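S.K.: What follows is the residue order along each chain.
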Amino acid sequence: MTRLREALGDIAADAPMVNLADLAIAGHRRRRMRTALAMTSVVALAVAGATSAALVVPWHRLAGGATPQNAVMVPELPGGKVGALSHAYRTECAVDRTTREVDCDSAEWRVVTAGGRTYRVPQALAFTAKHDHVPLALSRDGRKLAYYSDEAAAYMVRDLMTGREATSPIKVRQEEIQAGAILVLSDDGRYLAFDPLVGKKRPTTLIDLRTGEAKRLNSRYEPISIKGGVIELVRYVKTDLWRMPVEGGGKPVRFKGAWIGFSEPHPDGRTVVAIDHADHRKGARTTFGVLDAQTGRIVRKVRLTGVPANTTIDEMSVWRSSKHVTVATSTGSDRRLYEVNVTTGEAKLLTAFGTKVRDLALPGAASGK
Amino acid sequence: MNDHDGFREFVLVRQQALMRTAYLLTGDAHLAEDLLQSVLVKVLGQWGKLSKGGDPVAYTRKALVNQYISWRRRPRVELPSASVPEHGVSSDDRTLDRIVLREALARLAPKQRAVIVLRFWEDLTEAQAADVLGCSLGNVKSQTHHALARLRTIAPELAHLLSEHEIEKVAR
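Chains B and Z are the protein sequences, given in the same order.
Take the first sequence: its position 195, counting from 1, is numbered 195 in the UniProt record's numbering, and each next residue is one higher.
Take the second sequence: its position 167, counting from 1, is numbered 167 in the UniProt record's numbering, and each next residue is one higher.
Honestly, the hints are just simulated from the structure, not real lab data.
Just so we're clear, the structure is a prediction, and the values are computed from it rather than from any experiment.
Even for Gly, the Cβ is constructed at its ideal location relative to N, Cα and C.
A couple of the hints might just be wrong.
As the list claims (entries may be wrong) - 30 Å max Cα-Cα, derived DSBU-like pairs, lysine-lysine: (1) K141/Z with K111/Z; (2) K49/Z with K130/B; (3) K49/Z with K238/B; (4) K49/Z with K301/B; (5) K256/B with K111/Z; (6) K238/B with K141/Z; (7) K238/B with K256/B; (8) K52/Z with K282/B; (9) K323/B with K348/B; (10) K62/Z with K130/B; (11) K111/Z with K282/B; (12) K130/B with K111/Z; (13) K141/Z with K52/Z; (14) K130/B with K42/Z; (15) K42/Z with K356/B; (16) K111/Z with K171/B.
Stated by the list, open to error - Simulated DEER-style distance windows between Cβ atoms: (17) L96/Z with E175/B: 44 to 54 Å; (18) S70/Z with S322/B: 38 to 48 Å; (19) P308/B with R8/Z: 32 to 42 Å; (20) S333/B with P156/Z: 29 to 39 Å; (21) A127/Z with N310/B: 33 to 43 Å.
Whole structure, please, built from the sequences with the hints as guidance.
M.R.: So, in structure tokens, the structure goes:
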């Protein structure tokens, strides 16, 4: 045995003990059921609506007679006025290691209101039949929610102040949602940008929900935010940032180096913050850069202060004031949201999400980026 | 016999070894569990064929590596690696090697990391690694060369693990 293998073995010894057979079987059943449901829905749309309730809530069938307790405790998102949301998150399937029961009700999207109420959103698909994650996005003010409906084979936008729902005029088959799909809802909920696949093989589609108009964007770019009629697009290979009016136009600006995790543009229209990938790879995971989106200049680098040791910046998000941006972090599996002063790096905790949150969706931010 | 009994038995016997490989690939316990779980769902979808003369271990390993590389294609922030959770604080050389190697692996490109795990943890030959990765033998050789060179650059303190003498033991 080589010493390298010994060292790899020492790392591998930290791998958690698991029992994944039941989880995999449950996942396989869910996948088969979704495929069947997708085929059934074509017929179902043409006949009585009575079947729709069963179509949008596949989770209940999977749970059989043993609906997990947490699903009972968390109510479904009601129709009508709910109020603005603070965030949404996806939960994972889990196994009760004592009873060996599979809990697939937890593998779903949940939304949390600004007032702290949590609701399940079973009509929002969380995984495709091929087990790719399906994003869900919130408008900047948290008043609108965009999600993919398997039943409608389209993205839906729900106004949480009125309960009204709009269906995207573009049909999206579930199979089109693939690895690394991104969804962005504009600040006013009018525009929806959907990138179905990481990389440049498939372009982002920008949809105007008011007019029904849709346009394909340059496939080299991925959407970050849509605010004030401008969509923020990033090309990662060379790190080009393109603040493109939704009608088209504008041109990209190039930053030196590789940058990821971009924020929305600052209210001044030119400043953005992002993470230097080189810093991140070197282990400087609480450092971010302030960038000039007009000239491509790296203005300065700032380090977070007031956060726990071993914290990593996951993404930069919306601006809360001229000096403060929201920053999502992880410390181990503990996810947190801070308001950060971009001059001093001082971080003020806004929300501690805990350790059970996966695929966090924040108001105004691209989901899945 | 239940349709899934054969699959259950396969998972029961193999899951811990597969989880170690998934953990070496991702460096994160949660990601490793997600990765292996999603791969096992796919394996179960093919179980009918695999149980009739297929090679479930090879299929699962291949799916695991390719799913991992697919997940890593987007330039995104990784979840932080678990920080030495199970072992007590120690200053002995093996502990230091483990900590330094864990950090160094996190800085490799996904395919480079995969080739290190396949060649030096799974003990696959270059030809077997090429089959898993779906690339040429030459590509495996060059990926291995570049991965080792990068590890030596990132972590010169691991020279004793990465010396030509040590690596040749595997090549033989």
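S.K.: Hints the structure violates: just list their numbers, smallest first.
M.R.: Going through the list in order, the structure violates hints 3, 4, 8, 13 and 16 and respects the others.
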